[in-house]
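Engineer: So the chains spell out like this:
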Amino acid sequence: MSQKTFFIRADSCTGCGMCQLACSLVKVKEAGTGRSRIFIERLVMDGLMVPHICLNCKSPACIKACRRKAIVKDQATGWVSIDRERCNNCTLCVAACPFGAVIVAPDNEVLMCDVCGGNPKCAEMCPTGALRFAERDRGVAGPAEKAAENIFKG
Amino acid sequence: MSNSGGHWSAELKFAGFQHLVIKGKADRPTYLWIHDGEIEFRDALFLWGKDTYECEELIKDDLGDQHIQIVKIGQAGENLVRFANIIHGLKRAAGRTGMGCIMGSKMLKAIAVRGRGSLKPHDPGKMLETYSNHFRQITSTKIYPVISRYGTLTIFGIQNQSGMISVKNNQFNYFAEAEGKLDDEIFEEQYKTKTLACFACPLRCSHRYRIDSGPYAGTWGEGPEYYMMAGFGPAVGNPDWDLVLAANTLINRYGLDVGSTSSYISWLMELWQRGIINDKDTGGLNLDWGNKESVLALIHQMARNEGLGGMIGQQASRSADVIGRGSGKYLYTQRGMIHESPENTRASRATSLAASTASRGSDHLKGRCALEFFAMPPEVLQKIYGRPVASDFRSWEGKAWMAVWTQHFTTMADSLGYCKFATIYPGSTHNLGYAQFCETLKAVKGWDVTPDELMEIGERVWNLQRMFIRRETGVMRAGDIPPSIYFQPQPLEPLQGEKLDRAEYDKALDEYYEIRGWTKEGAPRPETLVRLKLDAEPSHLI
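For the protein sequence lines, the chains are A and B, in the order given.
Under this note's numbering, the first residue of the first sequence is numbered 1, with each subsequent residue one higher.
Under this note's numbering, the first residue of the second sequence is numbered 155, with each subsequent residue one higher.
Keep in mind that a hint or two might mislead.
[Said to hold, decoys possible] Covered stretches of chain B, as calculated for chain A (at least 3 residues, CB under 8 angstroms):
{"hint": "1", "segment": "227–240"}
{"hint": "2", "segment": "267–280"}
{"hint": "3", "segment": "286–293"}
[Claimed, not checked] Straight line, CA to CA, 27 angstroms or less: simulated DSSO-like cross-link-like pairs of lysine-lysine:
{"hint": "4", "chain 1": "B", "residue 1": "K296", "chain 2": "A", "residue 2": "K27"}
{"hint": "5", "chain 1": "B", "residue 1": "K446", "chain 2": "B", "residue 2": "K434"}
{"hint": "6", "chain 1": "B", "residue 1": "K483", "chain 2": "B", "residue 2": "K167"}
{"hint": "7", "chain 1": "A", "residue 1": "K121", "chain 2": "B", "residue 2": "K167"}
{"hint": "8", "chain 1": "A", "residue 1": "K29", "chain 2": "B", "residue 2": "K346"}
{"hint": "9", "chain 1": "A", "residue 1": "K121", "chain 2": "B", "residue 2": "K296"}
{"hint": "10", "chain 1": "A", "residue 1": "K64", "chain 2": "A", "residue 2": "K29"}
{"hint": "11", "chain 1": "B", "residue 1": "K446", "chain 2": "A", "residue 2": "K27"}
{"hint": "12", "chain 1": "A", "residue 1": "K29", "chain 2": "B", "residue 2": "K599"}
{"hint": "13", "chain 1": "B", "residue 1": "K167", "chain 2": "A", "residue 2": "K29"}
{"hint": "14", "chain 1": "B", "residue 1": "K596", "chain 2": "A", "residue 2": "K29"}
{"hint": "15", "chain 1": "A", "residue 1": "K121", "chain 2": "B", "residue 2": "K274"}
{"hint": "16", "chain 1": "B", "residue 1": "K167", "chain 2": "A", "residue 2": "K27"}
{"hint": "17", "chain 1": "A", "residue 1": "K121", "chain 2": "B", "residue 2": "K599"}
{"hint": "18", "chain 1": "B", "residue 1": "K434", "chain 2": "A", "residue 2": "K29"}
{"hint": "19", "chain 1": "B", "residue 1": "K322", "chain 2": "B", "residue 2": "K274"}
{"hint": "20", "chain 1": "B", "residue 1": "K346", "chain 2": "B", "residue 2": "K446"}
{"hint": "21", "chain 1": "B", "residue 1": "K599", "chain 2": "B", "residue 2": "K280"}
{"hint": "22", "chain 1": "B", "residue 1": "K574", "chain 2": "A", "residue 2": "K121"}
{"hint": "23", "chain 1": "B", "residue 1": "K214", "chain 2": "A", "residue 2": "K121"}
{"hint": "24", "chain 1": "B", "residue 1": "K167", "chain 2": "B", "residue 2": "K322"}
{"hint": "25", "chain 1": "B", "residue 1": "K596", "chain 2": "A", "residue 2": "K121"}
{"hint": "26", "chain 1": "A", "residue 1": "K27", "chain 2": "B", "residue 2": "K483"}
{"hint": "27", "chain 1": "B", "residue 1": "K322", "chain 2": "B", "residue 2": "K214"}
{"hint": "28", "chain 1": "B", "residue 1": "K280", "chain 2": "B", "residue 2": "K483"}
{"hint": "29", "chain 1": "B", "residue 1": "K280", "chain 2": "A", "residue 2": "K121"}
{"hint": "30", "chain 1": "B", "residue 1": "K596", "chain 2": "A", "residue 2": "K27"}
[What the hints assert, rightly or not] Selected chain A positions facing chain B (in silico; Cβ < 10 angstroms):
{"hint": "31", "residue": "K4"}
{"hint": "32", "residue": "K29"}
{"hint": "33", "residue": "A31"}
{"hint": "34", "residue": "G32"}
{"hint": "35", "residue": "A61"}
{"hint": "36", "residue": "T91"}
{"hint": "37", "residue": "V94"}
{"hint": "38", "residue": "A95"}
{"hint": "39", "residue": "F99"}
{"hint": "40", "residue": "A105"}
If you are wondering where the hints come from, they were derived from the structure by calculation, not from laboratory data.
For each residue, glycine too, the CB sits at the ideal point set by N, CA and C.
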């Protein structure tokens, strides 16, 4: 079965935050950015906008870092998610994630994207294609292991 | 009275505040730090004298957070330049009316905001659905591919080629030298480095740019808009992008207003052309049309309060009295504020009327009746405006109503926090309108409002502003007249010979007042205030 994940093109990101609002409305029924599972690093002086979202790595560093086995990867879909029953918000995964994609909410709860069952509203609401949800191997940006390099490709 | 796009207002809402009222003044440079429900006054001595770009970095370092949104003033505001702006980010500006000067007088250098809270909508599911629908609607209009690529720069070519631009302080109406040089596509190819957006907006009309070669190599910044392009292009007799961009960076760093700064510079250049001022007045600056170094020098002077530019910055429209020698004849003002330099819409009647009767005077944001320019069929116009409006922009038929309608519509868009470029304001009939405003209000607040009710709210705002103007300035009808140059014929094709006829204008103004329920002097009649439930408005509000 082919697996889908996110692809990021920072070059195309305008920093509008529509993905954050969409996420927040879907996940917590609020319009805001604090509890959104996608985070946009807005480096204003550099003119660089970098979306951070879980890329569902093949071999996730967050899983290795977690001492409570609270992060799981679904072998069929490839999606990584947090088991809220087991997580104690220690933030070891936040430190481990190479993409800065694990988010700490204002109340210190650790948040991670769960791809909304394969139908993420954030990617649908992205006006520029900076954030896409596509098949991992035949996808728009190649394999996810290359994601970090690809983020800054044109 | 001014507004601005960007991220700051959303951040303020997320920080738990809807409005800020700044009373009194500080005795030393201060900035405000607002975060998650708290407001802190902080020392801004280390920021005083810094430009807006430096300020952006210094505040973020001071507070140790890169995700703060900041509005601030540059040296222009500190030095009380009468047309200093409040700048947000690197380009977004609350312009025209000197709000930066007010902040400077309060010694308030900046307001930094960080909010991690959120808005609790009445119906989150409905809000998301409405938001998605409006997103699709905005991005499927014909104007979207253009505006998301070039922003307002695309207006320049249209205005110039229609003979509706101000060249050399409104002496001419078409600038041939700009053809093939000052052009949105050239900006895109040669200077643009990045596209950016305001919060939650798919239109992304902001651009980063960098100049790679020539005398201004290395200059970078964000912007520019049509007003910058026209104001530091034809208005000062310059056909080159490099000056437009160099001036844009300087103006945003200093926190000056584009329209006013370029208008005063083009006025000075006309005085120089006519021999009214000479190099003794300018301190040695040569003000020939298109002299780039002099244009930039005047900007430096205005912001730093030095020399001739400094005098202009401090005196604004009173500069004509300081210079004397008949210079006032070439200074085009309205309600004491200089006419926006790129704006030359005397050929289009509704826009002239609506911009001139706008509360702050000479205001394209409330006054631009863009649908007038496209010669739309009368049926389409009837459908939008609900009354007959002539297709020809040179006809007065129905234009008083078009002006009133546009003023209410733009006021509502501002009040609701919409960007006007996502609405039908810039000329796309398929963009958002009252119906979509109502859908959003229903989802976010749960209010059942109708388009007519929203229009009436716009009218109430408009009347309240008029009462404020009457109380504070007493200038009514006399302030509703366009600059004198609008009554002179345009010298060049296209639209050669077009002008406003004073008798026709007065007749249209009478009709406009009649529609509004105002007296011939331009004051709301008592029965109008009763109809709008403004008759009992507490005097401290009006």
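Engineer: Hint by hint, note whether the structure agrees.
Structural biologist: Verification of the hints:
no. : hint              : verdict
1   : 227–240           : violated (count 0)
2   : 267–280           : holds (count 9)
3   : 286–293           : holds (count 3)
4   : K296(B) - K27(A)  : 33 angstroms, violated
5   : K446(B) - K434(B) : 19 angstroms, holds
6   : K483(B) - K167(B) : 46 angstroms, violated
7   : K121(A) - K167(B) : 23 angstroms, holds
8   : K29(A) - K346(B)  : 38 angstroms, violated
9   : K121(A) - K296(B) : 25 angstroms, holds
10  : K64(A) - K29(A)   : 32 angstroms, violated
11  : K446(B) - K27(A)  : 54 angstroms, violated
12  : K29(A) - K599(B)  : 14 angstroms, holds
13  : K167(B) - K29(A)  : 17 angstroms, holds
14  : K596(B) - K29(A)  : 16 angstroms, holds
15  : K121(A) - K274(B) : 19 angstroms, holds
16  : K167(B) - K27(A)  : 20 angstroms, holds
17  : K121(A) - K599(B) : 22 angstroms, holds
18  : K434(B) - K29(A)  : 66 angstroms, violated
19  : K322(B) - K274(B) : 51 angstroms, violated
20  : K346(B) - K446(B) : 21 angstroms, holds
21  : K599(B) - K280(B) : 11 angstroms, holds
22  : K574(B) - K121(A) : 26 angstroms, holds
23  : K214(B) - K121(A) : 32 angstroms, violated
24  : K167(B) - K322(B) : 43 angstroms, violated
25  : K596(B) - K121(A) : 22 angstroms, holds
26  : K27(A) - K483(B)  : 62 angstroms, violated
27  : K322(B) - K214(B) : 41 angstroms, violated
28  : K280(B) - K483(B) : 57 angstroms, violated
29  : K280(B) - K121(A) : 14 angstroms, holds
30  : K596(B) - K27(A)  : 21 angstroms, holds
31  : K4                : 20 angstroms, violated
32  : K29               : 4 angstroms, holds
33  : A31               : 4 angstroms, holds
34  : G32               : 2 angstroms, holds
35  : A61               : 24 angstroms, violated
36  : T91               : 16 angstroms, violated
37  : V94               : 16 angstroms, violated
38  : A95               : 18 angstroms, violated
39  : F99               : 17 angstroms, violated
40  : A105              : 8 angstroms, holds
Of the hints listed earlier, those the structure fails to meet are numbers 1, 4, 6, 8, 10, 11, 18, 19, 23, 24, 26, 27, 28, 31, 35, 36, 37, 38 and 39, in rising order.
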